Amino acid sequence: MATALDRAGAGRITPRLIRLPEVCRRTGLARSSIYRLLGAGQFPRPVAVTRVARAWRLEEVDRWIDSLGADPLSIAGPENDDAPVGGTTEASHS
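Under numbering that gives the first Met the number 0, the residues of the sequence shown are numbered 0 to 93, in order.
Among the hints, erroneous ones may be present.
To be verified - Simulated DEER-style distance windows between Cβ atoms:
no., residue 1, residue 2, range
1, A39, G68, 16 to 22 Å
2, S66, R30, 19 to 25 Å
3, T13, R35, 27 to 33 Å
4, I12, R35, 29 to 35 Å
5, S66, A29, 15 to 21 Å
6, Q41, L16, 18 to 24 Å
7, G68, V48, 26 to 32 Å
8, R50, G27, 26 to 32 Å
9, R18, D65, 19 to 25 Å
10, V46, S66, 18 to 24 Å
11, I12, A39, 28 to 34 Å
12, A29, D61, 15 to 21 Å
13, C23, G68, 18 to 24 Å
14, E58, P20, 17 to 23 Å
The hints are simulated quantities; they were obtained by calculation from the structure and are not laboratory data. Bear in mind that the values here come from a model prediction, so they are computed numbers and not experimental data. Think of the CB as a built atom: it goes at the ideal place given N, C-alpha and C, for glycine as much as any other residue.
Make a model of the complete structure from these sequences and hints.
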């Protein structure tokens, strides 16, 4: 069974590729959120596996997860679906 540490040729490491469902599982993000972040340049780009199939390098996704640090919502910005609209909550209106 091949792993990310398997050698392919002279000193090269074969990267492990993961498809979108695994990217979603690892990040906890929905497909739409991943593509929104891709469009904003805030998520690793997938690589072409075939003419139509795309996959992500596992180490790039893991590095992106590690880069979030203590505040994973810092990358969400104004598109964060859980954020109150206009920066207010119902409690602030009473």
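Status of each hint after checking the structure:
Look at A39 against G68: about 18 Å separates their beta carbons, and that is inside 16 to 22 Å. For S66 and R30, the Cβ-Cβ distance of about 21 Å falls inside the hinted range of 19 to 25 Å, so the restraint holds. A beta carbon spacing of about 30 Å between T13 and R35 agrees with the range 27 to 33 Å that was offered as a hint. The given range of 29 to 35 Å is respected by I12 and R35, whose C-beta atoms sit roughly 31 Å from each other.
Checked against the hint of 15 to 21 Å, the C-beta distance between S66 and A29 comes to roughly 20 Å, which is consistent with it. Hint check: Q41 to L16, Cβ distance near 20 Å, so the stated range 18 to 24 Å holds. Look at G68 against V48: about 31 Å separates their beta carbons, and that is inside 26 to 32 Å. Checked against the given bound of 26 to 32 Å, the beta carbons of R50 and G27, roughly 30 Å apart, stay inside it.
About 21 Å separates the C-beta atoms of R18 and D65, a value consistent with the hinted range of 19 to 25 Å. Between V46 and S66 the CB atoms are about 19 Å apart, so this pair conforms to the stated range of 18 to 24 Å. Between I12 and A39 the Cβ separation comes to about 29 Å, which falls inside the hinted range of 28 to 34 Å. Remark: the range hint 15 to 21 Å for A29 to D61 is upheld by a beta-carbon distance near 19 Å.
Taking 18 to 24 Å as the suggested C-beta distance range, the pair C23 and G68 conforms, at roughly 21 Å. A beta carbon spacing of about 18 Å between E58 and P20 agrees with the range 17 to 23 Å that was offered as a hint.
The structure fails none of the hints (numbered hints given earlier).
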